[in-house]
Amino acid sequence: MKRRKFDVAAVPGNTARAVDDRFQVATPLRRLLNKVFPDHWSFLLGEIALFSFIVLLLTGVFLTFFFEPAMTEVIYNGSYAPLRGTPMSAAYASTLDISFDVRGGLIMRQMHHWAALLFMAAIVVHMLRVFFTGAFRKPRETNWIIGSLLFWVGFLAGFTGYSLPDDGLSGTGLRIASAIMLSIPVIGSWVTAAVFNGEFPGTIIISRFFIAHVLLIPGLLVALITVHLGLVFKQKHTQWPGPGRTNGNVVGERMFPRYAIKQGGFFMVVFGVIALMGGLFQINPVWLFGPYEAWVVSAASQPDWYVMFLDGSTRLMPDWEITIPIGEGYVIPPLFWPTVVLPGILVAISLLYPFMEARHLKDYRSHNLLQRPRDVPFRTGLGVMALTFYVILTLSGANDVIADKFQISLNAMTWAGRIGLLLLPPLAYYVTYRICLGLQQHDREVLAHGVETGIIRRLPDGRFVEVHQPLGAGDGHGELDYAGWVVPKKMNRLGALGPAIRGFFYPIERPAEAPVSPGHPPVEPRPEREEITSGENRP
Amino acid sequence: MLAGGAYTVLAPGAAAQENPPLSSAAADGKALFDVSCVSCHGRNAQGVEGRGPSLIGVGAASVEFQVSTGRMPMARQEAQAARKPEVFTRDEIDQLAAYVQELGGGPVVPAGDNLHADGNVAIGGELYRINCSQCHAFSGGGGALSSGKYAPSLRPATDRQIYAAMLSGPQNMPVFGDNQITPEQKADIIAYIQQTLKDDGDPGGLFNLGRYGPSTEGVAIFLVGIVALVFASLWIAGKS
Numbered sequence: 001m002k003r004r005k006f007d008v009a010a011v012p013g014n015t016a017r018a019v020d021d022r023f024q025v026a027t028p029l030r031r032l033l034n035k036v037f038p039d040h041w042s043f044l045l046g047e048i049a050l051f052s053f054i055v056l057l058l059t060g061v062f063l064t065f066f067f068e069p070a071m072t073e074v075i076y077n078g079s080y081a082p083l084r085g086t087p088m089s090a091a092y093a094s095t096l097d098i099s100f101d102v103r104g105g106l107i108m109r110q111m112h113h114w115a116a117l118l119f120m121a122a123i124v125v126h127m128l129r130v131f132f133t134g135a136f137r138k139p140r141e142t143n144w145i146i147g148s149l150l151f152w153v154g155f156l157a158g159f160t161g162y163s164l165p166d167d168g169l170s171g172t173g174l175r176i177a178s179a180i181m182l183s184i185p186v187i188g189s190w191v192t193a194a195v196f197n198g199e200f201p202g203t204i205i206i207s208r209f210f211i212a213h214v215l216l217i218p219g220l221l222v223a224l225i226t227v228h229l230g231l232v233f234k235q236k237h238t239q240w241p242g243p244g245r246t247n248g249n250v251v252g253e254r255m256f257p258r259y260a261i262k263q264g265g266f267f268m269v270v271f272g273v274i275a276l277m278g279g280l281f282q283i284n285p286v287w288l289f290g291p292y293e294a295w296v297v298s299a300a301s302q303p304d305w306y307v308m309f310l311d312g313s314t315r316l317m318p319d320w321e322i323t324i325p326i327g328e329g330y331v332i333p334p335l336f337w338p339t340v341v342l343p344g345i346l347v348a349i350s351l352l353y354p355f356m357e358a359r360h361l362k363d364y365r366s367h368n369l370l371q372r373p374r375d376v377p378f379r380t381g382l383g384v385m386a387l388t389f390y391v392i393l394t395l396s397g398a399n400d401v402i403a404d405k406f407q408i409s410l411n412a413m414t415w416a417g418r419i420g421l422l423l424l425p426p427l428a429y430y431v432t433y434r435i436c437l438g439l440q441q442h443d444r445e446v447l448a449h450g451v452e453t454g455i456i457r458r459l460p461d462g463r464f465v466e467v468h469q470p471l472g473a474g475d476g477h478g479e480l481d482y483a484g485w486v487v488p489k490k491m492n493r494l495g496a497l498g499p500a501i502r503g504f505f506y507p508i509e510r511p512a513e514a515p516v517s518p519g520h521p522p523v524e525p526r527p528e529r530e531e532i533t534s535g536e537n538r539p
Numbered sequence: 001m002l003a004g005g006a007y008t009v010l011a012p013g014a015a016a017q018e019n020p021p022l023s024s025a026a027a028d029g030k031a032l033f034d035v036s037c038v039s040c041h042g043r044n045a046q047g048v049e050g051r052g053p054s055l056i057g058v059g060a061a062s063v064e065f066q067v068s069t070g071r072m073p074m075a076r077q078e079a080q081a082a083r084k085p086e087v088f089t090r091d092e093i094d095q096l097a098a099y100v101q102e103l104g105g106g107p108v109v110p111a112g113d114n115l116h117a118d119g120n121v122a123i124g125g126e127l128y129r130i131n132c133s134q135c136h137a138f139s140g141g142g143g144a145l146s147s148g149k150y151a152p153s154l155r156p157a158t159d160r161q162i163y164a165a166m167l168s169g170p171q172n173m174p175v176f177g178d179n180q181i182t183p184e185q186k187a188d189i190i191a192y193i194q195q196t197l198k199d200d201g202d203p204g205g206l207f208n209l210g211r212y213g214p215s216t217e218g219v220a221i222f223l224v225g226i227v228a229l230v231f232a233s234l235w236i237a238g239k240s
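Chains as they are written, first to last, in the UniProt record's numbering: chain Y, 1 to 539; chain U, 1 to 240.
Take the hints with a grain of salt, since some may be wrong.
Covered by chain U, according to a simulated footprint, are these stretches of chain Y (three or more residues, beta-carbon under 8 Å) [as the list claims (entries may be wrong)]:
#, region
1, 34-41
2, 80-92
3, 114-126
4, 288-296
5, 337-346
Here are the simulated DSBU-like pairs of lysine-lysine, each with C-alpha atoms no more than 35 Å apart in a straight line [stated by the list, open to error]:
#, chain 1, residue 1, chain 2, residue 2
6, U, 84, U, 239
7, Y, 138, Y, 489
8, U, 239, Y, 138
9, Y, 236, Y, 362
10, Y, 262, Y, 236
11, Y, 362, Y, 234
12, Y, 234, Y, 35
13, U, 239, Y, 236
14, Y, 262, Y, 138
15, U, 239, Y, 234
16, Y, 405, U, 149
17, Y, 138, Y, 236
18, Y, 262, Y, 489
19, Y, 35, Y, 362
20, Y, 362, Y, 489
21, Y, 490, Y, 236
22, Y, 262, Y, 234
23, U, 239, Y, 490
24, Y, 489, Y, 236
25, Y, 138, Y, 362
26, Y, 489, U, 239
27, Y, 138, Y, 234
28, Y, 35, Y, 405
29, U, 239, Y, 262
30, Y, 405, U, 84
31, Y, 405, Y, 262
32, U, 84, Y, 35
33, Y, 35, Y, 236
34, Y, 262, Y, 35
35, Y, 405, U, 198
Just so you know, the hints here were simulated from the structure itself, not pulled from any lab data.
By construction, the Cβ of each residue, glycine as well, lies at the ideal position given by its N, Cα and C atoms.
With the hints as extra help, turn the sequences into a complete structure.
As structure tokens, this is what we get:
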């Protein structure tokens, strides 16, 4: 009998052909796999948020297997001795079970919490990148709006998740949230009664927050993320200016195989960092907080970091109560301004910023090339100003911990926060603006006169001059045009687009050969470049 | 006439009665007091306006807390005396305590170094969260009060110091007398602090971030998480 020869090498090709015969996917898939991604590191910050969201989904699903979202009172009888025999809600008891009795439960809970903090942190860092480089400009305003909404929806996801364990700390947070809702004029009491089904805390809020936290909000997040990424695909990435990069193209690497493999690796790195933090750093030790009771409030009760700015604004707000003389007097409590009005203004400004800037600059063109922060001093200044404002509020949210641990008077911290909130942002704007102008000027100087060599020469008449190495051809006195990208400022970067020797931890000595295309003759290997050194030879 | 006679019989003979002589321990304590404490607390511990309060009636518990934690003698007048290495030996503290006790009475810490032997940590935890965590925080790490005052960390405190603090209400702490928190409940609270807060070993990881809650967790996510991942993205983007 003749044995059929089985050709292993032909398997992928045959499979692909079989798939394409049935589904006709080759053409769209080729477009997809050939999509070009820019290679600058700052484009990976958004991926950190995406990947931590995936970790959130995975760990969150695990937690739902064991969490019981109910406020029915039970007597704890698990393995954590200091709470045994204590009456508590089923939600808190099941959180303790996840922490102490479910195998791997504690690390899953901690990974989930760290991933949530990382998700929000990565969103903010990514947003700063997009803001400072002008990537939000036309045509990408929609994606900026979606990104801002992702922050606020993530904020809600975080807050509902923080409330679910029903421990002493999260109950305090929930109490504050109910007070914030109550402070809204006219509708406040109705809103609160609707959310809590009556008075705080009621018996239903954990179940409601649970379904919001595991279904509604993640559904919204998935939808927003899908549109966000879809728009990135449709509108393509922005890119830094540079040789060969124009407003009409994208320079980078193809999605398949290298970019996809790199992203797979990066996902593993993000997952690994979250897992390490979940294993090494204790987060939210709910067993110390005890079950929530209305009469238990601890010192240093703070929300998670992305909510802390609201805590800070509340702590800094003077006790200005507005009484409107209608009937027996209608009171607008001071809590209304820092926790409802302020975030409302922040949402509106962040959503509308792209349009406000375009209107201010009368610039309605499409921009696919990024701007260096130094080249747009007013925007960079505004960004640093907003960041200063946010950081002062966040620090004020922890001002009792700071006061205690650094032995500062709490009253002094409050006043420093109040004065700082008004004075420091404009100061930050001014300082940033001047730094941007200084950096711009130095770029222009290098383009005009060349790179500083560090060589001081004494002239016959006794004067000292510094020798500059001109960037341009000729005598070096012709001024070069600024192209919106990094100007070489060190001797050994001259003539190179990037670092002449690649590699992160150690130099890879030989640069990669250019790939040989079958249709074209082989490219001449590029001549070895010699690094300009101080004279010592690298071994 | 009869009322006057009855009054003469029953009324305390304020003028006539001499102070009872001090015991020998109290006499030694008075000698120490007259060297180290008198400048602020005044002669016969009657207090000096603007410098130190009267110690009549504060009891041995107060002396034990203030002197054994090194808070007294105070380094300088400020918002609150800080814990520091103690100046007096165990015996000297007992002598000072005897002196103050004999001056005007007051609360006394029961004998023994282990005051939580039969304490129940579950009850103690509940009492701790209701009565103590407002200032000393869930974790016992302490917290800020107004104008530079603070609730100190409970980590270095011994059983006797915690007991004495509850009895005497030092500095800004309220008094938790035996009619508010019974001696058994005090033992429960001390058991919770000593066994659970100090020795639970932080099941969540090697680093407990000081157990300050979300504020240090927020610092950690930026200093560890974001920094590590920004370096990772620099590294990965460099591999092209």
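Hints, one by one, checked against the model:
no. : hint          : result
1   : 34-41         : holds (count 3)
2   : 80-92         : holds (count 6)
3   : 114-126       : holds (count 6)
4   : 288-296       : holds (count 6)
5   : 337-346       : violated (count 0)
6   : U:84 / U:239  : violated, 55 Å
7   : Y:138 / Y:489 : holds, 32 Å
8   : U:239 / Y:138 : holds, 31 Å
9   : Y:236 / Y:362 : holds, 24 Å
10  : Y:262 / Y:236 : holds, 19 Å
11  : Y:362 / Y:234 : holds, 26 Å
12  : Y:234 / Y:35  : holds, 11 Å
13  : U:239 / Y:236 : holds, 22 Å
14  : Y:262 / Y:138 : holds, 29 Å
15  : U:239 / Y:234 : holds, 26 Å
16  : Y:405 / U:149 : holds, 12 Å
17  : Y:138 / Y:236 : holds, 13 Å
18  : Y:262 / Y:489 : holds, 31 Å
19  : Y:35 / Y:362  : holds, 33 Å
20  : Y:362 / Y:489 : holds, 34 Å
21  : Y:490 / Y:236 : holds, 33 Å
22  : Y:262 / Y:234 : holds, 22 Å
23  : U:239 / Y:490 : holds, 23 Å
24  : Y:489 / Y:236 : holds, 31 Å
25  : Y:138 / Y:362 : holds, 12 Å
26  : Y:489 / U:239 : holds, 24 Å
27  : Y:138 / Y:234 : holds, 14 Å
28  : Y:35 / Y:405  : violated, 52 Å
29  : U:239 / Y:262 : holds, 9 Å
30  : Y:405 / U:84  : holds, 16 Å
31  : Y:405 / Y:262 : violated, 43 Å
32  : U:84 / Y:35   : violated, 66 Å
33  : Y:35 / Y:236  : holds, 9 Å
34  : Y:262 / Y:35  : holds, 15 Å
35  : Y:405 / U:198 : holds, 19 Å
Violated hints, in rising order: 5, 6, 28, 31 and 32; the structure is consistent with all others.
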